[in-house]
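Trainee: Here is what each chain is made of, one letter per residue.
Protein chains: 2
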Amino acid sequence: MAAEMSGGDLSRLRQLNALAVIKALQGQDSLTLTEVAKRTGLSRASTEDVVRELLQKGWVTEAGATAGGVGRPARRYRFRAEAGRVLGVDIGGHKIRAVVADLDGTVLQSARVPVAPEMGRLERLEAVDRAVTECLEGAGLTGGEIWASGVGTTGLVDGAGRVLLSEALPEWTGVDLAAHVRRLAPAPVLVENDSKLAALAECWRGVARYAKDMVFLLAGLRTGAGLVIDGKLHRGFANASGEIGALPVLGWIRAQEHLSAANGEAGGEAGDVFAAARGGDKAALAAVRRYVKDLALGASALVLTLDPQMVVVGGGFSRSADVLIEPLKRELDRWCIRTPEVRMSALGDEAVVLGAVRLALDDVEDRVLDGRSPLVSHL
Amino acid sequence: MAAEMSGGDLSRLRQLNALAVIKALQGQDSLTLTEVAKRTGLSRASTEDVVRELLQKGWVTEAGATAGGVGRPARRYRFRAEAGRVLGVDIGGHKIRAVVADLDGTVLQSARVPVAPEMGRLERLEAVDRAVTECLEGAGLTGGEIWASGVGTTGLVDGAGRVLLSEALPEWTGVDLAAHVRRLAPAPVLVENDSKLAALAECWRGVARYAKDMVFLLAGLRTGAGLVIDGKLHRGFANASGEIGALPVLGWIRAQEHLSAANGEAGGEAGDVFAAARGGDKAALAAVRRYVKDLALGASALVLTLDPQMVVVGGGFSRSADVLIEPLKRELDRWCIRTPEVRMSALGDEAVVLGAVRLALDDVEDRVLDGRSPLVSHL
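Protein sequences appear in the order of chains A and B. If you read the first sequence in the UniProt record's numbering, its first letter stands for residue 1, the second for the next number, and so on. If you read the second sequence in the UniProt record's numbering, its first letter stands for residue 1, the second for the next number, and so on.
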């Protein structure tokens with residue numbers, strides 16, 4: 001509550017100012033001190049202090065100079081996104097994705113290892129090892145050079161990085177993913193549910209960048225949700241938010257069955273049904289309609305609960321936006337008091353792994369703030 | 001983002017410190033400077049500065065002295081809760097409640113005017129006038145002495161204090177409650193949905209004081225919900241959060257009908273059914289069971305969406321906790337991944353009007369913070 005400037009507060013303030021300068025420089029080629037001061041709202045003197053400190057610590061470097069109209073050219077500074085590396089991993093039913101990103105969140109290297117939904121725990125963890133190892137090798141890094149790792153998985157995850165409950169993957173309940181990934185890269189490992197990470201990614205790099213409250217719908221072989229409330233990922237008291245699928249009347253449990261039923265005994269992928277619907281096939285159109293009705297029922301419960309600014313539809317089926325989005329809007333209109341803006345994800349398959357990168361970067365930034373920056377040990 | 005201390009920041013900091021001292025003193029008889037410093041975490045010197053300023057402005061007054069062991073007795077200070085007055089109004093189907101409270105939120109005077117659900121707009125607004133006038137007169141105040149008013153009503157409310165949609169009360173859609181109450185007390189008027197205000201009250205003075213995330217269920221002739229997320233009332237993009245009742249499959253629309261059906265053609269109140277159930281009447285027990293099943297279905301959708309720490313049940317039916325709470329917990333257990341703590345409201349009938357007082361006090365405190373304190377014009 002108290003906002004007086006004690007010694008601790010002052011050092012906190014310096015860290016907040018440092019983070020403000022870093023955020024201003026991130027994603028820019030380079031800025032002058034004047035430009036940094038303008039973007040952060042800091043005074044010229046404070047800006048100089050902070051930039052000097054960040055130069056010393058290795059977060060910022062000089063980047064040539066701009067020739068001014070008169071007088072001597074202004075020095076330019078840039079964020080050293082290359083100062084550190086984070087790892088992002090997406091563990092899915094059909095694939096394992098691993099990426100290495102710099103401190104701007106730019107993906108430098110990625111690897112993908114196909115897996116099958118019915119694989120057991122050991123086989124899936126071996127595939128994780130292969131994806132991470134391949135990705136690190138491709139980036140020319142050892143695990144010790146990673147500052148933080150983010151991991152996305154299906155199922156409920158506890159605060160310590162363990163899978164509490166997974167119904168989609170066999171033998172997945174109880175697996176300690178944080179410990180497993182820490183063997184490969186001995187930095188902090190943050191583990192989170194895949195729908196929640198996709199929500200995070202949509203607010204960071206996706207179509208929900210300007211939304212404060214957002215519902216992310218994972219529409220694919222599984223149906224799930226991730227919530228961003230007041231600009232923050234809403235996890236819930238036991239990290240079990242967004243689990244509306246547990247309520248049978250809301251239709252998510254059976255939603256996907258309409259698509260597999262349309263494929264009949266011959267089998268085939270859900271994508272085939274969307275393709276047939278696109279071609280005007282009546283049975284396929286009816287199956288998609290039934291699927292959307294069930295998807296929209298659960299989505300309406302989320303929307304009526306939260307009244308979000310935006311709903312973002314992602315997951316494998318978001319590629320079929322052309323046959324999904326209009327019927328989905330119509331169904332939401334039917335149930336919701338106010339239908340929010342409905343957007344299809346532009347991140348597609350990348351959403352979860354990008355969310356994992358964001359989670360890792362959040363951890364790195366927390367450590368800038370509390371003074372436990374990995375730079376101390378890496379410079 | 002920037003946290004540097006500009007002139008504006010310093011004055012903001014002084015205001016935050018002032019509010020910290022006020023919060024420390026509120027609800028206490030009196031404190032010494034040492035005690036204030038300890039509770040706020042401010043230094044002795046800053047505490048003295050802030051208390052001196054608050055004395056000058058009339059928020060704080062001296063309150064005798066404590067005889068110390070040695071040396072001269074320490075001066076004591078207390079918050080002048082009597083420095084200002086706020087008004088709270090609850091506009092319901094069956095009653096209008098108005099209260100006057102001091103700046104501690106202590107209710108000093110209250111009035112209650114019975115109304116009927118079928119009354120039209122003018123008749124209901126006249127009842128509001130009577131309740132407010134009676135309450136002000138009882139407190140010996142004129143409308144001009146009120147610093148802020150909070151108003152609770154059924155229905156959806158916009159940001160300007162107008163009822164956007166009310167299905168429960170006839171001719172209530174479109175009424176400009178802020179303008180109406182401002183005629184009676186020309187200070188700022190904040191209008192909010194009644195379930196949302198009850199949620200606010202439970203987190204302030206009720207059973208949810210220690211819950212960061214909380215779902216309030218209004219269980220009465222209507223069923224509604226209010227959400228507190230991360231310690232703040234969650235309103236939604238268009239103030240339409242918690243409206244899960246709009247989804248027929250979630251049962252809230254029909255929930256209450258089970259109770260009226262149990263009373264049969266003879267009529268009677270829902271309370272009669274609860275009383276009969278308490279006495280072991282089989283038909284009444286079955287009706288209560290059906291009611292609880294429907295209440296729990298919608299509540300489960302809220303819980304599965306948010307994974308809150310606590311569910312608080314309020315509204316008229318919360319008086320029948322003994323026959324409601326155990327069946328409700330069992331039904332929640334059936335659907336929820338993690339059943340949160342379920343508590344009955346201890347505020348009962350007072351919850352909405354107390355939430356209205358809290359809303360008014362929030363406005364007063366905002367004006368302490370931004371320097372537009374009503375004290376300036378009232379001292």
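Keep in mind that a hint or two might mislead.
Which residues of chain B face chain A? A few of them, derived with a C-beta cut under 8 Å, are [what the hints assert, rightly or not]:
| hint | residue |
| --- | --- |
| 1 | Gly231 |
| 2 | His234 |
| 3 | Ser241 |
| 4 | Ala246 |
| 5 | Leu297 |
| 6 | Leu302 |
| 7 | Leu304 |
| 8 | Thr305 |
| 9 | Arg338 |
| 10 | Pro340 |
| 11 | Met344 |
Straight-line Cα separation of at most 25 Å, PhoX-like style, residue types lysine-lysine; simulated pairs [claimed, not checked]:
| hint | chain 1 | residue 1 | chain 2 | residue 2 |
| --- | --- | --- | --- | --- |
| 12 | A | Lys232 | A | Lys282 |
| 13 | B | Lys212 | B | Lys232 |
| 14 | B | Lys212 | A | Lys212 |
| 15 | A | Lys38 | A | Lys95 |
| 16 | A | Lys232 | B | Lys212 |
| 17 | A | Lys232 | A | Lys212 |
| 18 | B | Lys95 | B | Lys38 |
| 19 | B | Lys232 | A | Lys212 |
| 20 | A | Lys282 | A | Lys293 |
| 21 | B | Lys23 | B | Lys232 |
| 22 | A | Lys232 | B | Lys329 |
| 23 | B | Lys23 | B | Lys38 |
Keep in mind that the hints were calculated from the coordinates and are not lab data. Keep in mind it's a predicted model, so treat the numbers as computed, not measured. Glycine included, every Cβ here is placed at the ideal spot set by N, Cα and C.
Trainee: Can you confirm whether the C-alpha distance between lysine 282 of chain A and lysine 293 of chain A stays at or below 25 Å?
Mentor: 16 Å, holds
Trainee: Please work out if lysine 232 of chain A and lysine 282 of chain A have their alpha carbons no farther apart than 25 Å.
Mentor: 42 Å, violated
Trainee: Would you check the hint for lysine 38 of chain A and lysine 95 of chain A, treating anything up to 25 Å between C-alpha atoms as holding?
Mentor: Distance of about 45 Å is beyond 25 Å: violated.
Trainee: Holds or violated: the hint that serine 241 of chain B contacts chain A, with Cβ atoms closer than 8 Å.
Mentor: 4 Å, holds
Trainee: Go through the hint on histidine 234 of chain B and say holds or violated, using the shortest Cβ distance to chain A against 8 Å.
Mentor: It holds, given that the least Cβ distance between histidine 234 of chain B and chain A is near 7 Å, below 8 Å.
Trainee: For a C-alpha distance cap of 25 Å, please report whether lysine 212 of chain B and lysine 232 of chain B respect it.
Mentor: 8 Å, holds
Trainee: Holds or violated: lysine 212 of chain B with lysine 212 of chain A, Cα cutoff 25 Å?
Mentor: 19 Å, holds
Trainee: Does the CB of threonine 305 of chain B sit less than 8 Å away from some CB of chain A?
Mentor: 5 Å, holds
Trainee: Is the Cα-Cα distance between lysine 232 of chain A and lysine 212 of chain B 25 Å or less?
Mentor: 14 Å, holds
Trainee: Return the status of the interface hint for methionine 344 of chain B: holds when the least beta-carbon distance to chain A is below 8 Å, violated otherwise.
Mentor: 20 Å, violated
Trainee: If you take the shortest Cβ to Cβ gap from leucine 297 of chain B to chain A, is it below 8 Å?
Mentor: Because about 7 Å separates leucine 297 of chain B from the closest Cβ in chain A, which is inside the 8 Å limit, the hint holds.
Trainee: Are arginine 338 of chain B and chain A close enough, Cβ to Cβ, to be under 8 Å, as the hint says?
Mentor: At 5 Å from the nearest chain A Cβ, arginine 338 of chain B passes the 8 Å test, so the hint holds.
This entry does not satisfy hints 1, 11, 12, 15, 18, 22, going by the numbered hints stated previously.
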